[in-house]
Amino acid sequence: MSDSDSQVYFALQCLGATLCISVLYSFYAAVTRRKDLPPGPKRAPFFGNGLQLPKLNQHLKMTEWARQYGDVVYAEFFGQPTVIINSVSAAATLMDNGGAKYSDKPRLVYLNELVQWTGNLGFAPYNDRWKRLRGWFQRGFIARSAQDSYRPIQRREVRRLLSDLAQHPQDFRFSLKRYMAAIMLEIGYGHTVSSLGDDEFIKLVEDGVRKCLSGSGPGATLVDFFPILRYVPAWIPGMEFKRSAATARKAIRDMEAVPYRKVMKEMADGTAKPSYVTQLIDSCLKDGVLEAQDQRDIEGTVGVLYADTSMATLLVFILMMTQNPDIFEKTQDEISRVVGQSRLPDFKDRGSLPYLECVLREAYRWCPAIPIIPHQSMEDDVYRGYYIPNKAVIVMNAWAMSRDPEVYPEPDVFKPERFLTQNGGVSDLHDPRKFVFGFGRRICPGRYFADTTIWLAAASIVATMDFRQARNSQGDLVVPNPQFVSGSVMHPEPFICDIRPRSEKSLQLISDSESGY
Numbered sequence: 001m002s003d004s005d006s007q008v009y010f011a012l013q014c015l016g017a018t019l020c021i022s023v024l025y026s027f028y029a030a031v032t033r034r035k036d037l038p039p040g041p042k043r044a045p046f047f048g049n050g051l052q053l054p055k056l057n058q059h060l061k062m063t064e065w066a067r068q069y070g071d072v073v074y075a076e077f078f079g080q081p082t083v084i085i086n087s088v089s090a091a092a093t094l095m096d097n098g099g100a101k102y103s104d105k106p107r108l109v110y111l112n113e114l115v116q117w118t119g120n121l122g123f124a125p126y127n128d129r130w131k132r133l134r135g136w137f138q139r140g141f142i143a144r145s146a147q148d149s150y151r152p153i154q155r156r157e158v159r160r161l162l163s164d165l166a167q168h169p170q171d172f173r174f175s176l177k178r179y180m181a182a183i184m185l186e187i188g189y190g191h192t193v194s195s196l197g198d199d200e201f202i203k204l205v206e207d208g209v210r211k212c213l214s215g216s217g218p219g220a221t222l223v224d225f226f227p228i229l230r231y232v233p234a235w236i237p238g239m240e241f242k243r244s245a246a247t248a249r250k251a252i253r254d255m256e257a258v259p260y261r262k263v264m265k266e267m268a269d270g271t272a273k274p275s276y277v278t279q280l281i282d283s284c285l286k287d288g289v290l291e292a293q294d295q296r297d298i299e300g301t302v303g304v305l306y307a308d309t310s311m312a313t314l315l316v317f318i319l320m321m322t323q324n325p326d327i328f329e330k331t332q333d334e335i336s337r338v339v340g341q342s343r344l345p346d347f348k349d350r351g352s353l354p355y356l357e358c359v360l361r362e363a364y365r366w367c368p369a370i371p372i373i374p375h376q377s378m379e380d381d382v383y384r385g386y387y388i389p390n391k392a393v394i395v396m397n398a399w400a401m402s403r404d405p406e407v408y409p410e411p412d413v414f415k416p417e418r419f420l421t422q423n424g425g426v427s428d429l430h431d432p433r434k435f436v437f438g439f440g441r442r443i444c445p446g447r448y449f450a451d452t453t454i455w456l457a458a459a460s461i462v463a464t465m466d467f468r469q470a471r472n473s474q475g476d477l478v479v480p481n482p483q484f485v486s487g488s489v490m491h492p493e494p495f496i497c498d499i500r501p502r503s504e505k506s507l508q509l510i511s512d513s514e515s516g517y
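Sequential numbering from 1 applies to the sequence shown in UniProt numbering.
Don't take each hint at face value.
In the EDC-like style, the derived pairs of lysine to aspartate or glutamate whose C-alpha atoms are separated by at most 16 Å in a straight line are [stated by the list, open to error]:
1. Lys262 - Asp308
2. Lys61 - Asp404
3. Lys265 - Glu240
4. Lys131 - Asp297
5. Lys177 - Asp164
6. Lys391 - Glu379
7. Lys177 - Glu493
8. Lys415 - Asp404
9. Lys105 - Glu493
10. Lys101 - Asp380
11. Lys177 - Asp308
12. Lys203 - Asp254
13. Lys348 - Asp466
14. Lys415 - Glu329
15. Lys177 - Asp199
16. Lys211 - Asp164
17. Lys177 - Asp148
18. Lys505 - Asp466
19. Lys211 - Asp254
20. Lys61 - Asp71
21. Lys177 - Asp198
22. Lys391 - Asp404
What the hints contain is simulated information worked out from the structure, not anything from laboratory work.
Let the hints inform the model, and build the full structure from the sequences given.
Right under this line is the structure:
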């Protein structure tokens, strides 16, 4: 038998063994399954509910199940027990009051083991290493002193954002991307972004993330359920994910290592700017030496800074301002009344702008940037009499929470007034930030920083720009109504709108404020 024949034979053996074991296990699980599991859709042998869940917009199917079975739903995907949590009250009880029980993450064979994107805090398993990485982020993004130290960077970049919008309004999506990337690269590495199109670091990030996501197709999904597939040769039909993983692995390695090496060189030369990475390196040095594990962790953990959730929320904000001119006018009038038109809004103004606050909360709610957030249970548990097995995937369905009509009447309508109190203040009762940033020990450590970055951009844009619906070639108004792309982050597909400086005075204010920084 030739080597190629042996490989084929081995591959077929692996596939056959995997199928047999999985089928036998599915029947065993069906017979031995406890009867006190939460309610859920009917499961097929072997597949469970795997064929019922689409590749895209999975949150919509899960929300459909929520309407049928309630706020705690049980499903199985190729033998993987899964509990879907669809209400804030259930999520808060389990995640916030359950301690470490639900703090783990599912095993991600494709991303963690094949691509080897192990430094991302959002994917890391709950263990001592995760606690260490989390501690770094706590000090770097939650500490008040850290947040205050970043404000000059936020102010400078929002002025550049306004200048970009004034000069190239049709490229507002591009400008928002540069705004978020510039802030995070400055904070993370001390790297100043001058142009989004030719910045080396941004290209590395985009290449790494794109290649990771491009490989997360059906094959990559199956390898997470059947890890033995990672040993099947890449040339076997359906195993293309192995080649994609090899390409993505190099891209992720470059994304993490190249900026890190640049900072290390600058530190050696004495030219490094203070940054998150320089602080981590200084804190980990032992007798002037950085241990290999420390180096790897520092390289990898900064990758989590590149999530585009904040950009997605700002895109939703602009979309809603364009679709709802009455809401835009109310927001702009409030800023003019409180701030005036001789300066830009600043952080100190936030408490005096309640309507803007309500608009942003409604943007968070109307389209949660991450509609479903997976966790994993670390032990057996019982909730409301329902059995939740150890190692079950626990899905926080933020989309269902945002569409609960008992909490948010007319949930599909963009209505900032739902957060206003009778005396014109802001109600914290159903603040969507309580679920869009996650729960428990896995809540986003950069949530306060992200929120202030979004607020400053939104306030500054409305203060200096006018939003109008664009006209088509026939001169008719075009109400933007884009589809939403649901990948790891949900955001609106490209749409057109008419953005222009509010007045000559606003244009001069933008010019003066940018030159002053």
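Violated hints, by number in ascending order, as checked against the structure: Checked against the structure, the hints that fail are numbers 1, 3, 9, 13, 16, 17, 22, while the rest are satisfied.
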